[in-house]
Amino acid sequence: DAKTTQPNSMESNEEEPVHLPCNHSTISGTDYIHWYRQLPSQGPEYVIHGLTSNVNNRMASLAIAEDRKSSTLILHRATLRDAAVYYCIPANRDDKIIFGKGTRLHILP
Amino acid sequence: NAGVMQNPRHLVRRRGQEARLRCSPMKGHSHVYWYRQLPEEGLKFMVYLQKENIIDESGMPKERFSAEFPKEGPSILRIQQVVRGDSAAYFCASSPKTGYNSPLHFGNGTRLTVT
Numbered sequence: 158d159a160k161t162t163q164p165n166s167m168e169s170n171e172e173e174p175v176h177l178p179c180n181h182s183t184i185s186g187t188d189y190i191h192w193y194r195q196l197p198s199q200g201p202e203y204v205i206h207g208l209t210s211n212v213n214n215r216m217a218s219l220a221i222a223e224d225r226k227s228s229t230l231i232l233h234r235a236t237l238r239d240a241a242v243y244y245c246i247p248a249n250r251d252d253k254i255i256f257g258k259g260t261r262l263h264i265l266p
Numbered sequence: 016n017a018g019v020m021q022n023p024r025h026l027v028r029r030r031g032q033e034a035r036l037r038c039s040p041m042k043g044h045s046h047v048y049w050y051r052q053l054p055e056e057g058l059k060f061m062v063y064l065q066k067e068n069i070i071d072e073s074g075m076p077k078e079r080f081s082a083e084f085p086k087e088g089p090s091i092l093r094i095q096q097v098v099r100g101d102s103a104a105y106f107c108a109s110s111p112k113t114g115y116n117s118p119l120h121f122g123n124g125t126r127l128t129v130t
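Residue numbers (the numbering used here), protein chains in the order written: chain A, 158 to 266; chain B, 16 to 130.
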């Protein structure tokens, strides 16, 4: 399993962009990079995933470094509802989705 | 489309009783995953099932815990002779194919309290 390193916590102001970093230097060439989040008292929620190219969806953007050893989840305009724990998870065909400690994101009004 | 349905939302059991947690995956999803989250801790993988088959149960405690996903009906996580340490939130997720390239859709969990 690829190891990941994420900040324990981050703060951002409401209505500003947020960049959540993740280091995954031991990732293999076939690992997809997944991001999930968990809001308080709820189940985890899928955010986005990608392999090599940057990815966009209605929730966020995923920027993957060219060497794939790191990635950044971008929330373009944070709201109070984005306060959650964000998990960066590399996974390949033989892996299940394994959650680490994640980054607790605080949004300041 | 209905999401992943878990019931009950809250379950209270006395020590030694059995707990049965149910998970109905999203329509068309044949892959089910169970996770456990102890208070103030992270999510731990327990078991991965496809219809009628256990694919990976490496996260399941060796005793008292079992899971099934029958051809018809919901997936069931069964905990026999519950102990206080089993108190946790149990989350189920489903996907249409293996989760490495497919989003997992999670339910809102069953919160088990053992008294």
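Honestly, I wouldn't trust all of these hints.
List time: in silico DSS-like cross-link candidates among lysine-lysine, alpha-carbon distance up to 30 Å [said to hold, decoys possible]: (1) Lys86/B <-> Lys258/A; (2) Lys42/B <-> Lys160/A; (3) Lys59/B <-> Lys226/A; (4) Lys59/B <-> Lys42/B; (5) Lys258/A <-> Lys59/B; (6) Lys86/B <-> Lys42/B.
For the record, the hints were derived by calculation from the structure and aren't laboratory data.
Now for the hints, and whether the structure bears them out:
{"no.": "1", "hint": "Lys86/B <-> Lys258/A", "verdict": "35 Å, violated"}
{"no.": "2", "hint": "Lys42/B <-> Lys160/A", "verdict": "33 Å, violated"}
{"no.": "3", "hint": "Lys59/B <-> Lys226/A", "verdict": "24 Å, holds"}
{"no.": "4", "hint": "Lys59/B <-> Lys42/B", "verdict": "25 Å, holds"}
{"no.": "5", "hint": "Lys258/A <-> Lys59/B", "verdict": "11 Å, holds"}
{"no.": "6", "hint": "Lys86/B <-> Lys42/B", "verdict": "13 Å, holds"}
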